[in-house]
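As you go down the protein sequences, you meet chains A and B in turn.
The working numbering puts the first residue of the first sequence at 3, with every later residue one more than the last.
The working numbering puts the first residue of the second sequence at 3, with every later residue one more than the last.
Among the hints, a few may not be true.
Identical copies go unnamed one by one, so any copy, or any two together, can satisfy a pair.
Unchecked claim - In silico EDC-like pairs for lysine to aspartate or glutamate, Cα to Cα no more than 20 Å straight-line:
{"hint": "1", "residue 1": "LYS56", "residue 2": "ASP45"}
{"hint": "2", "residue 1": "LYS56", "residue 2": "GLU19"}
{"hint": "3", "residue 1": "LYS56", "residue 2": "GLU110"}
{"hint": "4", "residue 1": "LYS56", "residue 2": "GLU31"}
{"hint": "5", "residue 1": "LYS56", "residue 2": "ASP28"}
{"hint": "6", "residue 1": "LYS56", "residue 2": "ASP97"}
Hints listed in this document are in silico derivations from the structure and should not be mistaken for laboratory results.
The model shown is predicted, which means the values in this text are computed figures rather than measured ones.
2 protein chains.
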Amino acid sequence: MTTARRSSDATRAAILEAARERFAADGYERATIRAIARDAGIDPSMVMRYYGNKEGLFAAASEIDLALPGLGALPARHIGAVLVHHFLDRWERDDVLTGLLRVGVTNEAGAARMQAVFGAQLGPVALGVCPRPEEAPARAALVASQILGMALARYVLRLQPAVDMSRDEVVAWLAPTVQRYLTAEHP
Amino acid sequence: MTTARRSSDATRAAILEAARERFAADGYERATIRAIARDAGIDPSMVMRYYGNKEGLFAAASEIDLALPGLGALPARHIGAVLVHHFLDRWERDDVLTGLLRVGVTNEAGAARMQAVFGAQLGPVALGVCPRPEEAPARAALVASQILGMALARYVLRLQPAVDMSRDEVVAWLAPTVQRYLTAEHP
DNA sequence: CCGATCGGTCAACGCTTGTTGGCCTACGCT
DNA sequence: AGCGTAGGCCAACAAGCGTTGACCGATCGG
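Please put together the full structure from these sequences, using the hints given.
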């Protein structure tokens, strides 16, 4: 027994998990392929075999589904609270979003991915509830700015007061903001 | 005439300006000392002479004064709008803040600097206008989250709808949010 | 007029990075 | 039993990085 062998898929998954953690913790440049390979318990060259190059690895590692809840059923007045709550959940479940944010700030491809994710997944929600359809993109961007800003302060920069707030407090403060961005009349 | 000589201070300043631009455009790791030196028109070793090492250069390049306006004189009801307007100005005057944000997301020292800047300069403003003094840090963090979030969307990630909004639109949307975070009763 | 000082270059160092290609070996199939 | 193949390692590559120290010429005070 020199080295334990795994199925190809198991190794792929191990690499992906290690990559997600390292991208989230270190950002794109400082998350080295060598470190990721070490975390996954294999040789760096395996990463190249499975994902082509570093960009390809990041592309695979940053695939994400925000899984925003269906909006039709619930009362339109509570949509702000539901949305904020859901985003906090999503952000704390794993570190894919943190990684995406960290990379998106420095890396062109990361920024593009971020645009795509929020555009495609928050856009429809805004379209569904806002008064005039042509305002939907701007309203979605406003919501994104507040959600991303809180995530930035709380999970990335770790501003002390933002970290100390409870989830309920965050929801209580942010929900009315999001609600207004989505449904209020254009000021 | 082989090479034009400058005063020491002029070169220091040239380096600092080049460093600010590169840090803002590329983040900490990709902003290389060699590239900064090239921009400033000198040899990389001069950067070391003047600023010791890369960390020292960044520390010097990220010194910033938010220059928040005095809050005493103006009517307390307009403080949200004034604050948002001022931040947009400050953000667009030069790229120090963009650089600080870009670096703060990946770099420990950058995050610390960001915490210091916003804590020390936004904190007092919150303390001056919020109902209960012990809530000031949390309120300042909330304001920071919205301001930073908009800066992130507009100047770093460049989400299209956020870029397309006029300054007045941004102020109109964000001012009530900031106003509420600072002065409203704890929800 | 001469020597110190100042602004500046040059060449190299040790190291890390992404990436490549060859080789090895255990396993599954026939 | 024997062979192909899949999973994996190893060693090396070229390039780029931060950083160092020796050297050079202009300038300026005595």
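For the identical chains here, do LYS56 and GLU110 meet the 20 Å Cα criterion within one copy, between copies, both, or neither?
within (14 Å within a copy, 23 Å between copies)
Classify it for me, LYS56 with ASP45: is the Cα-Cα distance of at most 20 Å met within a copy, between copies, both or neither?
For LYS56 and ASP45, the Cα distance is within 20 Å only inside one copy (14 Å; across copies 31 Å).
With identical chains, the pair LYS56 and GLU19 could be close in the same copy or across copies; at 20 Å between alpha carbons, which is it: within, between, both, or neither?
Within one copy only: 15 Å inside, 32 Å across.
Is it within, between, both or neither when you check LYS56 against GLU31 at 20 Å Cα-Cα?
For LYS56 and GLU31, the Cα distance is within 20 Å both inside one copy (10 Å) and across copies (16 Å).
How would you label the pair LYS56, ASP97 (within, between, both, or neither) given a Cα cut-off of 20 Å?
The answer is within: 19 Å in one copy meets 20 Å, while 29 Å across copies does not.
Up to 20 Å CA-CA - ASP28 versus LYS56, copy category
Answer is both: 14 Å inside a copy and 18 Å across each meet the 20 Å cutoff.
Against the hints set out earlier in the document, no violation occurs for any number.
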